[in-house]
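Undergrad: Knowing the structure of chain Y, use the given hints to seat chain V on it.
As given, the protein sequences belong to chains Y and V, one line each in that order. Residues 209 to 631 (this note's numbering) make up the first sequence, in order. Residues 209 to 631 (this note's numbering) make up the second sequence, in order.
Where hints are given, some of them may not hold.
[Stated by the list, open to error] Among chain V residues calculated to face chain Y with C-beta under 7 Å, some are: (1) G246; (2) Q304; (3) A593.
[Unchecked claim] Taking CB as the label site, the calculated pair distances span: (4) V:H305 / Y:I421: 46 to 56 Å; (5) V:L459 / Y:D595: 12 to 22 Å; (6) V:N554 / Y:E389: 19 to 29 Å; (7) V:S478 / Y:T310: 45 to 55 Å; (8) Y:Y549 / V:T310: 44 to 54 Å.
These are computed hints drawn from the structure, not numbers from a lab. Glycine included, C-beta positions come from ideal geometry on N, C-alpha and C.
Protein chains: 2
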Amino acid sequence: MKKMNTNPISGMQELLPEAQATFNKLKNKIGEVYHRHGYLNIETPIIDRCDILLAKAGGDTEKQIYKVFKTAETADEADQALRFDHTVPLARYVVQHENDLTFPFKVSQIGRNFRGERAQKGRFREFYQCDVDVIGRGNLPIYYDADVIATLLDAFSRFELNTPVLARISNRKILSGLIAEFNLENKSEDIYSIIDHAEKVPLEKTKSGFEEIGLGSERVTMMLDFMEVRGGREEVVGKLSSMGVQNEMFLAGIREIDTVMGILEAEGYSNAIVADMKIVRGLDYYTGTVFEFNLPEYSQVGSVCGGGRYENLAGYFTDQTLPGVGGSIGLTRLFYVLNEYGLVKNQNAQPVDVAVVPITENELAYATEVANEVRKGGESAMVVALDKKLGDKMAYAAKVAKKCIVIGENEVESCSYRVKEFR
Amino acid sequence: MKKMNTNPISGMQELLPEAQATFNKLKNKIGEVYHRHGYLNIETPIIDRCDILLAKAGGDTEKQIYKVFKTAETADEADQALRFDHTVPLARYVVQHENDLTFPFKVSQIGRNFRGERAQKGRFREFYQCDVDVIGRGNLPIYYDADVIATLLDAFSRFELNTPVLARISNRKILSGLIAEFNLENKSEDIYSIIDHAEKVPLEKTKSGFEEIGLGSERVTMMLDFMEVRGGREEVVGKLSSMGVQNEMFLAGIREIDTVMGILEAEGYSNAIVADMKIVRGLDYYTGTVFEFNLPEYSQVGSVCGGGRYENLAGYFTDQTLPGVGGSIGLTRLFYVLNEYGLVKNQNAQPVDVAVVPITENELAYATEVANEVRKGGESAMVVALDKKLGDKMAYAAKVAKKCIVIGENEVESCSYRVKEFR
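Extracted from the complex, chain Y is given alone in its bound form:
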């Protein structure tokens, strides 16, 4: 028998209709929450120029990017690629349309991005990201850092997960200030990297990491103590303030995290947030607030959302200073994880509300009319127009719909019908 390999490419999400309905519901909830919080939705092209996409990239990003070319071109001409995140196209968009936008620009983006990562379980090459960002011109009040986090927390609250979500918040100015206070600027990148990986390795490895870059035992102890600072706003602000560090950046960081968490507390999110100095967000471009969302009961899952403040969105494209703060839900990965651990309520297996079943062809016209009536009432309906026995039609109806309406001679004559629930 003829049969080609019809698997999707490895690393691509492809769902059956029922799972797709659940996925779409989560996606629509995110979009609705973003909209309710006043974020304006935009879409950028999936294909963009390499000089834009790779303006500040390097390392893994450059290796993982998908370049595209038309068959008629030679590969050397390929100067276009698929976007690998929403942030770089957003920077281009904001510079391009600056005069038509109102700043602060509250913006949301929901769509697929592409990275040619090594295929492995739970890793995707084509994945939905759902971003919110606020872009200022010249400056951007710290309030918007809390606004982004509150919006993302609100989105998670609508998922009706069977497990709590915790937003872990830090501020890069605190660690930067600490590093400056102790004249460790030349080791800054190493220190960020060590703290960033600390949760994935034994404490001994973190300790020896600090030693290897030349920190004395007193500094190592201080760094390890600092990393462990975690808790409610007042507790953490107290602990950090009592470290006796005078650096202005350090103190500014404390004031900012105090403000951000204070706003979130006032919004009723006290139990969903924690200050946590282990959060640094890798070597990304963040300069102030940084955050990651975790599922504390499923620590193996890692981060399910992250983001932070960046001092300048589009430094590669314009001299205009455009500070921003944003965050992103990696929906494809999140959906995979939620299913893996049974954390999300699946949608009804029958996404169609009503199947209308004409007993013979003579009842087809009235069945169609009834289906349209059902639709006008707001439910979904399909006519089961099979050239088969009633039993087969009913079996089909029971598979695809929650309820059915059987239309026979009597129903046509009396212009009436009964709705029957399956099961």
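TA: Chain V in isolation, oriented as in the chain Y frame:
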């Protein structure tokens, strides 16, 4: 001043937030109508294997396809490409997941496809298509041809266009039967092509086209007469039946178009449909019903939707016979056209319902509370948290929102506020 070229690549749609809101509204309406008619939504990966995508392609498709490769690969390794329509990936999907699907499988797909066409006004390289298809196993009743057309007409009716939409319907069996009756099978492709182009060229050119492929003057007259057959169901069925053609395929085609249009008439679409023998849908794979939607008051716009019946969806991938019928709204092009001719009502310029403006920082917490209250009531709300004078905050609020709520000392004290409409 530093400024890179930040234009999107030519041929890509990129909208400002207000236009994006209108676009999204049309897209969501389509999705809602498809759902209401019982079509299950699926998404296939944007990247697929070339052997799948190009299994039956050739000509323009092959030239226009975007191949992709990772930077780390050499171009020769590129055996993956971006999908250029929804039909080929659907064929793969149905074969791959056949055992998990219920047939007839009513399915919808809404997403971006990619063709590296020559860039020109109103032509897009990256474009949304919104497809509905019904796939049968072994056979598929003719009813579903009407189901697809009714669903697409329903979608157009929700757009609230300022101009009527007309579905022009034909059936390929009629022309095929005519060709067979007169032993013109070896000229079949030419005849299809001449009729397909007839609306874009003068009548003389169509006539000489028939002459050039060797038709005698009697046959030419017959073909020209045939092409002009257009009208309501009874009129067209009458005209075609009176042609005296005995070919069984021809007669089957008449019966099918009679049935399809009869169902649509019963659904109240008499004024939105016309039988029209000029519709052949090019050299596509259709085998029965074919249709195109036009805006009769804007004939220069051409087709805004099209589709038809295909006897076998996935012949390249499996021996299983999977007949189908489907149609597609090319939303990106449609949206461009509707704007070009001012045919669609634009959404409100202020997609945010309420801006909450605290007079000083002291009112920020209560302002945030008020915004959350507004959201619970179902409206979108944002807090205007700018470090600026009240006048500047109000100017911002007026730009981004329809209504505002100003929060000062009195409001905080009394825990109350007033909503003010702008303009």
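Undergrad: Indicate, hint by hint, whether the structure satisfies it.
TA: Against the structure, the hints:
1. Given the 7 Å rule on beta carbons, the hint for G246 of chain V holds: about 3 Å separates it from the nearest Cβ of chain Y.
2. Interface restraint check: Q304 of chain V against chain Y, minimum CB-CB distance 4 Å, threshold 7 Å, status holds.
3. Because the smallest distance between the Cβ of A593 of chain V and any Cβ of chain Y comes to about 4 Å, under 7 Å, the interface hint for this residue holds.
4. A C-beta distance of roughly 52 Å is found between H305 of chain V and I421 of chain Y, which places it inside the suggested range of 46 to 56 Å.
5. Our hint of 12 to 22 Å for L459 of chain V and D595 of chain Y holds, since their Cβ atoms are close to 19 Å apart.
6. A hinted range of 19 to 29 Å is violated for the C-beta pair N554 of chain V and E389 of chain Y, which are about 55 Å apart.
7. Separation of S478 of chain V from T310 of chain Y is about 48 Å and conforms to the stated range, judged on CB atoms against 45 to 55 Å.
8. A hinted range of 44 to 54 Å for the beta carbons of Y549 of chain Y and T310 of chain V is inconsistent with their spacing of about 28 Å.
Checked against the numbered hints above, the structure violates hints 6 and 8; every other hint is satisfied.
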